[in-house]
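> With the hints as constraints, model all of the structure from the sequences given.
If you're matching them up, the sequences are chains A and B in order.
Just so we're aligned: 5 in the numbering used here is position 5 of the first sequence, and the numbers increase by one with no gaps anywhere.
Just so we're aligned: 112 in the numbering used here is position 112 of the second sequence, and the numbers increase by one with no gaps anywhere.
Everything labelled a hint here was simulated from the structure, so no lab data went into it.
Watch out, some of these pointers could steer you wrong.
Taking CB as the label site, the calculated pair distances span [as the list claims (entries may be wrong)]: (1) Val-137(A) <-> Met-407(B): 28 to 38 Å; (2) Glu-243(B) <-> Gly-162(A): 49 to 59 Å; (3) Glu-114(A) <-> Tyr-28(B): 44 to 54 Å; (4) Val-367(B) <-> Asp-51(A): 55 to 65 Å; (5) Met-90(B) <-> Thr-63(A): 46 to 56 Å.
Built from N, CA and C at the ideal position, the CB exists for glycine as well.
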Amino acid sequence: MKEKFHITGIKKILLTWHKHADLLETLNPARVLYGPLPKSAAGEKGQGLVDFFKQVSLFEDLTQGELRRLARILHERTYRDGEYIYEEGKPGTAMYIVRGGIVEIVRRRRNGEEVPLVTLEPPATLEELAVVGADVVHWTSALARGPVSLVAIGRPDLDALGRNFPLLANKILKKLAHIIAMRLQIVFEAEYFDEERSLNSDLPQ
Amino acid sequence: MTSRNDFSPAGMFYKSVMAAAGAIIAAYLLWKLRSLIVPIVVSSLIAYICHPLVIHLERHRVPRGLAIWLLLVMFVLAALFVANRVRSIMPSEIGALEFRIRAMYKINEGYKNLMGLDQSLTRGNWIYRLAHGELNPIADRTNRLLALTPEEHTQFLASRPHGPEAPAGSDHLLDYLRVNLQTLRVREPAALPETGAVSAAPPAVAQTPTPALKTPIATLGHILSTWIIAPVIFLFLLRDTGEIKRGLLRVVPNRLFEPALAVLADIDRALGDYMRGIFLECALLGLTVMLLLAIVGVPPRWAIAIGIFAGATNVIPYLGSAVALMGGLAYALLAEEIHPLLPLVNTENVAIWVIAAVGLAELLKSVFYEPLVLGGAVKLHPLVVVIGVVSGGILFDLAGVLLAIPMITVFKVFFSSTVRQLKAYGLI
Numbered sequence: 001m002k003e004k005f006h007i008t009g010i011k012k013i014l015l016t017w018h019k020h021a022d023l024l025e026t027l028n029p030a031r032v033l034y035g036p037l038p039k040s041a042a043g044e045k046g047q048g049l050v051d052f053f054k055q056v057s058l059f060e061d062l063t064q065g066e067l068r069r070l071a072r073i074l075h076e077r078t079y080r081d082g083e084y085i086y087e088e089g090k091p092g093t094a095m096y097i098v099r100g101g102i103v104e105i106v107r108r109r110r111n112g113e114e115v116p117l118v119t120l121e122p123p124a125t126l127e128e129l130a131v132v133g134a135d136v137v138h139w140t141s142a143l144a145r146g147p148v149s150l151v152a153i154g155r156p157d158l159d160a161l162g163r164n165f166p167l168l169a170n171k172i173l174k175k176l177a178h179i180i181a182m183r184l185q186i187v188f189e190a191e192y193f194d195e196e197r198s199l200n201s202d203l204p205q
Numbered sequence: 001m002t003s004r005n006d007f008s009p010a011g012m013f014y015k016s017v018m019a020a021a022g023a024i025i026a027a028y029l030l031w032k033l034r035s036l037i038v039p040i041v042v043s044s045l046i047a048y049i050c051h052p053l054v055i056h057l058e059r060h061r062v063p064r065g066l067a068i069w070l071l072l073v074m075f076v077l078a079a080l081f082v083a084n085r086v087r088s089i090m091p092s093e094i095g096a097l098e099f100r101i102r103a104m105y106k107i108n109e110g111y112k113n114l115m116g117l118d119q120s121l122t123r124g125n126w127i128y129r130l131a132h133g134e135l136n137p138i139a140d141r142t143n144r145l146l147a148l149t150p151e152e153h154t155q156f157l158a159s160r161p162h163g164p165e166a167p168a169g170s171d172h173l174l175d176y177l178r179v180n181l182q183t184l185r186v187r188e189p190a191a192l193p194e195t196g197a198v199s200a201a202p203p204a205v206a207q208t209p210t211p212a213l214k215t216p217i218a219t220l221g222h223i224l225s226t227w228i229i230a231p232v233i234f235l236f237l238l239r240d241t242g243e244i245k246r247g248l249l250r251v252v253p254n255r256l257f258e259p260a261l262a263v264l265a266d267i268d269r270a271l272g273d274y275m276r277g278i279f280l281e282c283a284l285l286g287l288t289v290m291l292l293l294a295i296v297g298v299p300p301r302w303a304i305a306i307g308i309f310a311g312a313t314n315v316i317p318y319l320g321s322a323v324a325l326m327g328g329l330a331y332a333l334l335a336e337e338i339h340p341l342l343p344l345v346n347t348e349n350v351a352i353w354v355i356a357a358v359g360l361a362e363l364l365k366s367v368f369y370e371p372l373v374l375g376g377a378v379k380l381h382p383l384v385v386v387i388g389v390v391s392g393g394i395l396f397d398l399a400g401v402l403l404a405i406p407m408i409t410v411f412k413v414f415f416s417s418t419v420r421q422l423k424a425y426g427l428i
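Below, the structure written as structure tokens:
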């Protein structure tokens with residue numbers, strides 16, 4: 001799975017999305033799909049949910065009041081080591097934000113073997129598609145590696161937010177669309193462009 | 001790869017036993033505290049209806065606490081307005097006596113005409129011969145219900161402008177009273193004392209002892225002790241910004257989190273659709289009944305009262321139209337004179353026009369209102385509706401009757417959605 005991704009083709013996209021340029025330093029190319037590496041102790045216990053949200057790129061456009069409102073509708077979940085957070089092939093109703101611990105994303109081969117794709121740390125977000133589309137099916141599984149705490153946003157929660165506080169929901173949805181579109185670009189880049197489109201010739205000096 | 005969320009058989013057995021014990025305890029508590037269920041459900045439903053209003057105010061930068069208080073003030077004002085309207089249409093004490101005399105006279109006259117009864121009230125047409133065994137006791141019971149007590153009789157006679165000895169024709173209510181007494185004398189002579197003049201003692205049948213009742217203060221105390229909880233729950237539910245839902249989901253195991261989220265969303269959607277739909281349907285039916293009855297000659301204040309009552313009782317399927325029909329026919333039966341907007345209507349045929357008006361209202365409800373406003377809401381089988389309403393009435397009286405359908409709707413959606421989600425997630 002790892003060899004599918006080509007750092008050189010993706011670099012331009014990451015540079016245009018400047019906040020994630022640091023991902024180029026990672027050794028695992030699949031890591032770029034899930035946001036930046038942890039820079040702070042975002043998952044420390046005892047930290048307020050609103051303070052934690054300030055570090056989540058999905059919520060970077062929200063005001064303090066909006067973050068407080070958001071904190072009132074989200075669900076905090078904890079998982080034991082080895083516990084599934086969600087399973088591949090099952091319907092998706094919620095997206096998650098890693099608040100503490102490490103989450104491993106795996107995908108099953110046809111023979112049933114699970115291939116690790118990436119490990120995620122706070123404040124990574126995962127399964128964003130589940131909250132924006134109907135009839136979404138998880139295309140990977142997520143496993144807790146050690147004790148994990150997550151914040152979950154259900155699709156019904158976001159729907160209700162859209163009805164009751166449309167401006168706030170609109171900010172989140174725009175950001176979600178941005179993230180999903182960027183990931184799509186990265187996947188296309190990795191799939192259709194190889195290393196011949198070299199970094200030196202493509203990037204501005 | 002084997003799922004790491006599997007449970008051992010021993011663990012599953014332990015959890016099943018615990019769940020069964022929990023269910024039994026919950027059922028026991030539910031039964032013991034059943035008098036609180038109705039206030040809790042009523043206040044919850046009202047809070048559910050009011051929730052969008054609070055959100056709307058909050059969106060326009062009104063603090064949530066202030067929005068709730070504004071809503072409460074609005075409720076109190078609306079309740080005062082309704083109480084005032086009800087008081088204004090309630091007849092005075094003498095008015096109520098006049099109403100009973102007129103009702104008794106009209107009912108007996110109608111019965112006599114329908115059955116073709118002679119002066120002895122014992123021989124009639126074929127309908128009477130066929131059904132007098134069943135109909136006479138009903139007529140007698142109605143007469144006992146409407147007949148005046150001795151005190152009421154004296155009070156009524158004292159109120160007449162021409163005095164109790166007014167000649168026939170000068171006071172039609174006194175004439176009605178004389179006929180009523182005559183009817184009672186013929187139907188149940190043993191029950192009547194020697195009367196002579198109209199001012200004589202009224203029939204003994206009117207003095208049927210009433211069963212011992214609780215004093216009004218005791219009744220009020222009982223109502224307050226159970227219903228005092230309703231405004232508290234209403235306030236707390238409106239104050240809630242998702243804590244209850246999150247609290248419910250917190251106790252759900254991780255592997256059931258997403259299915260539970262979907263089930264709660266399904267219930268919320270179904271209940272919301274039902275409440276909005278039924279509210280609109282009741283309002284439309286009430287307005288239609290009001291308008292049509294006013295057109296056929298029912299005075300506006302009575303048309304409004306019948307329309308409001310028909311709309312409110314339409315929460316129970318089929319009852320709204322039945323109430324409208326009974327109310328309209330009762331007015332048609334008792335009306336001395338009518339002022340219809342349609343020239344074809346008169347006191348002789350107003351009952352037929354009332355039936356036509358209520359029929360048209362029911363037709364509009366079935367053909368236009370229901371598909372329009374209840375299109376997306378949960379459909380219940382008529383048998384489920386009947387059994388549910390009767391069971392609700394047996395368990396929780398009138399409130400149980402009114403709340404049966406919303407509760408059945410919630411349970412139906414809960415079970416169907418749970419099964420659907422558990423299947424989708426491969427858990428059953």
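> Is the distance from the Cβ of Val-137(A) to the Cβ of Met-407(B) consistent with 28 to 38 Å?
Holds: the Cβ-Cβ distance is about 34 Å, inside 28 to 38 Å.
> I want to verify a distance hint. Is the separation of the beta carbons of Glu-114(A) and Tyr-28(B) within 44 to 54 Å?
holds (46 Å)
> Could one say that the CB atoms of Met-90(B) and Thr-63(A) fall in the range 46 to 56 Å?
holds (55 Å)
> Holds or violated: the 55 to 65 Å window for the beta-carbon distance between Val-367(B) and Asp-51(A)?
holds (58 Å)
> Taking 49 to 59 Å as the hint, is the beta-carbon distance of Glu-243(B) and Gly-162(A) inside that range?
violated (21 Å)
In this structure, the one hint that does not hold is number 2.
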